[in-house]
Amino acid sequence: MDGSSLRAVGWARTLPMDSSVKAARDWAREHLDALGWNDEAPETADAVLLSVSELITNAHRHARSNAQLVMLWDSRCLHIAVHDHSGELPAPREPSTDRVGGRGMLLVDALADSWEAHPCPHGKTVTACFSPPAADAGRG
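Numbering-wise, the numbering used here puts 125 at position 125 of the sequence shown, and it's gapless, one number per residue.
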């Protein structure tokens with residue numbers, strides 16, 4: 001094995017339209033526990049969970065679609081990917097006092113180290129990446 005090989009661990013779950021966002025957060029929290037992030041970096045874990053909430057909400061509400069949630073830890077970044085059946089790519093909107101919603105991607109943009117959206121043959125995938133817990137060491 002050469003030095004460029006990468007080890008990764010991942011989990012995936014389908015969240016039908018009638019499932020709750022809380023179910024997605026609870027599922028993600030279990031895997032954050034397995035990684036030790038809830039104890040080692042609670043701020044990062046909270047950011048991940050809020051981002052999961054926003055991405056699943058977008059898939060259900062705006063794409064009117066089931067959502068496939070994938071968490072992939074590659075020891076460099078925790079990738080949170082949500083696939084839905086809409087080809088419309090998300091974009092952060094300017095905050096407004098005239099509407100209740102529309103802040104989800106602004107939150108993801110503020111919480112994640114990076115995020116991107118890619119069209120797929122049957123919809124799109126939005127991925128947010130979070131640095132490992134060591135990055136939380138100086139916070140708080």
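I should point out that these hints are in silico values taken from the structure, not numbers from a laboratory.
Yeah, the Cβ is synthetic: ideal placement off N, Cα and C, and Gly gets one too.
Heads up, some of the hints might be wrong.
Claimed, not checked - The calculated label-pair distances, taken between Cβ atoms and stated as ranges, are:
hint : residue 1 : residue 2 : range
1    : C120      : D39       : 33 to 41 Å
2    : C120      : R61       : 15 to 23 Å
3    : S19       : R76       : 29 to 37 Å
4    : P121      : A91       : 16 to 24 Å
5    : M17       : R76       : 27 to 35 Å
6    : S75       : D18       : 32 to 40 Å
7    : R64       : E40       : 36 to 44 Å
Is the distance from the Cβ of C120 to the Cβ of R61 consistent with 15 to 23 Å? 19 Å, holds
Looking only at beta-carbon atoms, does the pair R64, E40 fall within the given range of 36 to 44 Å? Since the Cβ atoms of R64 and E40 sit about 37 Å apart, the hinted range of 36 to 44 Å holds.
State, for the Cβ atoms of C120 and D39, whether the hinted interval 33 to 41 Å holds or is violated. About 35 Å separates the Cβ atoms of C120 and D39, which means 33 to 41 Å holds.
Quick check: does the Cβ-Cβ distance between M17 and R76 fall within 27 to 35 Å? 33 Å, holds
S19 versus R76 beta-carbon gap, inside 29 to 37 Å or not: Given about 30 Å between the Cβ atoms, the range holds.
Supplied distance hint 32 to 40 Å, evaluated on CB atoms of S75 and D18: 35 Å, holds
Assessment of proposed distance window 16 to 24 Å (beta carbons of P121, A91): 21 Å, holds
Every hint, counting from the list given before, is met by this structure.
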